[in-house]
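K.L.:
Construct the entire structure; sequences and hints are all you get.
Here are the chains, one letter per residue:
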Amino acid sequence: MSKILQVKDLELSFHTFAGEVKAIRGVNFDLNKGETLAIVGESGSGKSVTTKSIMRLLPESSSEFKNGEIIFDGKDLTKLSEREMQKIRGKDISMIFQDPMTSLNPTMTIGKQIMEPILKHQKVSKDKARKVAIELLNMVGIPNAENRYKMYPHQFSGGQRQRIVIATALACNPQILIADEPTTALDVTIQAQILELMKDIQKKIDTSIIFITHDLGVVANVADRVAVMYGGMIVEIGTVDEIFYNPQHPYTWGLLSSMPSMDLNEEKLYAIPGTPPDLLNPPKGDAFALRSEYALKIDMEQPPPFFQVSDTHYAATWLLHPQAPQVEPPAGIIERMRTFPGSRYYEATGGRA
Amino acid sequence: MSDLLLEVKNLKQYFNEGKASEVRAIDDISFSINRGETFGLVGESGCGKSTTGRTIIRLYDATDGEVLFNGVNVQDKKTKAANKDFNRKMQMIFQDPYASLNPRMKVMDIIAEGIDVHGLANSKKERREKVISLLETVGLNREHAERYPHEFSGGQRQRIGIARALAVDPEFIIADEPISALDVSIQAQVVNLLKDLQEERGLTYLFIAHDLSMVKYISDRIGVMYYGKLVEMASADELYRNPMHAYTKSLLSAIPLPDPIYERSRVRTPYNPKDHNYGSDEHVEFREIAPEHFVLCSDKESEEMKKNHVPKES
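Read top to bottom, the protein sequences are chains L and U. Each residue of the first sequence is one higher than the one before, counting from 1 in my numbering. Each residue of the second sequence is one higher than the one before, counting from 1 in my numbering.
Worth flagging that the hints you see were computed from the coordinates, not collected in a lab. Just so you know, even glycine gets a beta-carbon here, dropped at the ideal spot from N, CA and C. Treat the hints with care, as some may be off.
[Claimed, not checked] If you want the footprint, here are the derived chain L segments under chain U, 3+ residues with CB under 8 Å:
#1 15 to 21
#2 162 to 173
#3 212 to 218
#4 250 to 260
P.N.:
This is how it looks when you write it as structure tokens:
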């Protein structure tokens, strides 16, 4: 698999009145061609900031790249000028935002908004661009596109607007599509339709997707690989099966445990105690240690490095150190691990129905 | 079980009634909630679930039908004192913790507003003590009382909203999507808090949401709404084990679960209201198919459902 994007040792800070907020504290990942990488984590974990820094959408005045590089197409995106970046945005890398109500311009017809990137990046006539726009609307499932491309955003429902945003993002056949919580504002039924649409389109145009969400159900549905972020760092990364059936980091355990399951009648939902770390003064050791019942002494002093679990699976927790004590994950997690060949709780007989 | 706290009878809420733009946001629904119970109301946006909550607490005047709270019709004209008493017993928690707290008021005053209106504190000291104990109840601490809403995270704000609702010692709380704006891990915290409070104070909830997995977890009984009508109502377990209405089935099939292997094989069943193919002489009404399990259906459909119903194994 060829790597289309590489993020290396990325560190980024915001300068605020209160001081320097270290929003991203050393993020590394690769994006392969044609895959979907999901980034999960709670608000403030740095997942949106990571993708916005790839798109260079953060305000120049208050944000600063402290270290690292973002390699795309042989170029380091962190070093490009605004003018060079404009040639990439919307053409090679495009983005879908969370709120379809605010990411469309209410005073422009949707046809015009879809044509905008086409006219900007490709040397085509307006007439041709209009044809492409109508094709795109058809592709994302807007009925009667020939007439509806003349309409304004308020004349569409939330789900339709998100389809239009997707059409705009796809207008130039981008190599990378970044979707920042694209379905969070939508109903389950509409969410299911949008996810199906994104998967279909990915197959058609072979684009890579970075999918940001905090909904693990959605992750299980769309992702090939998953990166779990916490406190401005990736704490665990692996294939979707590895993250869901053989998770290693206590934070991933907590996330998975706090989802209610449909068939179990649990008495009490597991909730990760406490609040996310203050990135004005990031903790010295493992950022999650203060909220973790599995924290070791060393967690308070030194941040854990990445330990390799398999070729594709890495986790940053001292629990994986050879000298660390063997701990018992929560019951629900052991249940998940039972089904995963290669995990220490795997039961060969316990196949899934 | 028959200790009814709230009864909704043939409630209708039409907007722009009689005009071409008439919207039947609630179209003749009936249900009741027992004391100490959590009733979940689910459905997609625009199905009328929030309108139902708002009509019950009388943010809207109903077009037709009755809402009986402790046997008294909410919509009736009442004396000022009776109205005040009603307002104290029924409280609401809103969806958006950012928009539902006044940014210019300190947390202390936000929570104490109800206490002041109802004269529940005799002195400044008592008022302060009440607020602090409420803050502690919802998992915040006394320092938070002197701060403004913008200094809090979404989950903390929702806790403030809950403390405000609890301040007047209500019997019944309408929670309108209280967790949909929050992160998964914070959602669990808030849901657990609501459950604990229910146990401690014997509260009754109407829990409105579109996230079915959380609704199942918190509710005793669930009603499913579609375009202003209640299409199915049953206990939470029964509804998930034996969904009967095509819309409920479709809704359940759309929920993504945190289980990649299951997700790869999950098939979504779309819902098309035309599939019912009701004839003009068929009477479509809310019928009891199994004990305590109601479905909006025609006579023919109800026979079919009764045949296919699998009773709970015990």
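K.L.:
Hint by hint, note whether the structure agrees.
P.N.:
Comparing the hints with the structure gives:
1. 15 to 21: This one is violated; 0 residues, fewer than the three required, reach chain U with a Cβ under 8 Å.
2. 162 to 173: Result for this restraint: violated, n = 0.
3. 212 to 218: Coverage by chain U holds for the stretch 212 to 218 of chain L (5 residues, Cβ < 8 Å).
4. 250 to 260: With 6 residues close enough to chain U, the hint holds.
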